[in-house]
Amino acid sequence: MVAVRPPKRTSRAGSRQDALFAWLILLPIFVVLTAVIFYPALSTLATSFFYDNLRTPGVIHFVGLGNYLKLLSSPEFHHVLGRTVLLVVIVLPLELLLALLGALLLNERFRGRGVLRALLLVPWILPPIANGFLWGWILNGDYGALNGILYQVGIIHTYQYWLTDPNMQMVWVGVAQVWSRYALPMIVLLAALQFIDPALYEATQVDGASVWQRFRHITLPHLRPAMALALTIEFIGAFQIFDLIWTLTAGGGAGNIINPFTKTVMVYNYEVVFRQLDLGLGSALSYLILIASLTVGFFFVLRLYNTGVK
Amino acid sequence: MIEKLAPLVRPRAGAARWSRATRRTLRGVGLYLASGIFVAWALAPVVWVFISSISTRRELYAVPIKHWIPQHPTLANYARI
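Chains A and B, in that order, give the protein sequences.
Heads up, the first sequence stops at 310 in the numbering used here, and the numbers go up one at a time, no gaps.
Heads up, the second sequence stops at 81 in the numbering used here, and the numbers go up one at a time, no gaps.
Just chain B, same shape as in the assembly:
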């Protein structure tokens, strides 16, 4: 009986293309990729402000190459506030 019914059940699109394990991996990669893009968009400006806060003025005004990681991190700005 089951064998007779089997051809009537159409496999869902995509279900046959990849195995269950592959689909799970793809889902994970997609989710973390999307998360990464979202976090970069949301946090980049804030992170830049934090980097600015611990940089020396000389490094901040350096052009055209910016110091994304402060060479001489300092808490002097906080101390002044």
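If we strip away everything but chain A, and leave its shape as in the complex, we get:
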């Protein structure tokens, strides 16, 4: 091994000057981060321990964990949380399955693979707001494309109002979410697939391992760290979903009542802060969402990332 010697310091003063310069050039980004991340986060944490409602201006008093306890014991919060978990349970397996199939397909060698890689990314490029309007347009009960195609194929005989059934609304939100978000985990898994040493496959092929055995014992273990990453990102995306619901099913524009059947934690948070103007309760809810996201992310990393082949 070749030792790389650091350039010789001529004096201690020079090194101290370097350190000072390093801190100096780090200062601007530290100031920016403090202003836009650390300060708001800490200020929200502080607010979450107070009764602070803009409807009763001037009345601010310390309630300790009161806001948290109020949320954890409120039936509405339980419903909202259950609905959000349901969405996650619909979205994550579907996304991961599609992402895995897509990644395996894109990892094969064939003509047009580059074009296919680009085309499959298109839904991901679409902003979530546009995604909501797009699916609302497709699912429209009066002249939507889904109705048109099902009618012309002969599956339905009258146009259906897809988004009016309260039980189906979360399913359609899930479909739109899977459609727009499967591409990111797919690319993450594809990158991981390309890192697997082809010699492993050749060796096991010589030993007579079947396609399934090779997938089960080589591909999957190597994909675990990437899956942990993809699942964590997509969990946060689905758990904290807001803009897609806002444009597809919330119906809450311009002060209208927010549709209770697709009220997820983030939509509920918006309602608490911007409709009920309850800053204290809203801050506590934000921190509960943060804690839930961190816990689940931590779990994925612990169970998948640390047990995979690296």
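A couple of the hints might just be wrong.
Far from chain A, by Cβ distances over 12 Å, these chain B residues were calculated [to be verified]:
# : residue
1 : TRP18
2 : ARG20
3 : ILE54
4 : HIS67
5 : PRO73
6 : LEU75
7 : ARG80
Label pairs and their calculated CB-CB ranges [to be verified]:
#  : chain 1 : residue 1 : chain 2 : residue 2 : range
8  : B       : ALA44     : A       : GLY58     : 52 to 58 Å
9  : A       : THR204    : B       : TYR32     : 24 to 30 Å
10 : A       : HIS157    : B       : HIS72     : 27 to 33 Å
11 : B       : ILE81     : A       : SER15     : 57 to 63 Å
12 : A       : SER293    : B       : HIS72     : 48 to 54 Å
Note that these hints are calculated values from the structure, not bench results.
Note that the Cβ used here is the ideal one computed from N, Cα and C, for glycine as well.
Once you've looked at the hints, dock chain B against the given chain A.
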């Protein structure tokens, strides 16, 4: 020597069933079929938005038969934006 060893080497499952050329064709058909399904799933909504963008309002609101290919394609919507 080789002849004596030959029975010991078990042919892999599937290897004997089809010839090399057939397997290559099957692989190609499978890959392009899968690609087609994936592209349809990923692009259909976007394509529909594009078709909508060049259709006249009358055609868009036509029910129950939709015009998947605009009869009177127009750029008027873009001009208005």
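Consistency of beta-carbon spacing, B:HIS72 to A:SER293, with hint 48 to 54 Å: About 50 Å separates the Cβ atoms of A:SER293 and B:HIS72, which means 48 to 54 Å holds.
Separation of B:LEU75 from chain A, once the least beta-carbon distance is taken, above 12 Å: holds, 20 Å
Given as non-interface: B:HIS67, partner chain A, CB spacing beyond 12 Å: violated, 9 Å
Assertion that B:TRP18 lies farther than 12 Å from chain A (Cβ): Consistent with the label, B:TRP18 stays out of reach of chain A, its closest Cβ about 14 Å off (over 12 Å).
Distance restraint hint 57 to 63 Å, applied to the beta-carbon atoms of B:ILE81 and A:SER15: With Cβ atoms ~60 Å apart, the hint holds.
B:PRO73 and chain A, when compared Cβ to Cβ, separated by more than 12 Å: holds, 17 Å
Distance rule for B:ARG80, whose beta carbon must clear each one in chain A by more than 12 Å: holds, 17 Å
Cβ separation of A:HIS157 and B:HIS72, checked against the hinted range 27 to 33 Å: About 28 Å separates the Cβ atoms of A:HIS157 and B:HIS72, which means 27 to 33 Å holds.
Cβ separation of A:THR204 and B:TYR32, checked against the hinted range 24 to 30 Å: holds, 27 Å
Supplied distance hint 52 to 58 Å, evaluated on CB atoms of B:ALA44 and A:GLY58: Between B:ALA44 and A:GLY58, where Cβ atoms are some 55 Å apart, the hint holds.
Outside-interface status for B:ILE54 - nearest CB in chain A farther than 12 Å: holds, 15 Å
Distal placement of B:ARG20 relative to chain A, Cβ over 12 Å: holds, 15 Å
Comparing the model with each numbered hint stated earlier shows that hint 4 is the single one that does not hold.
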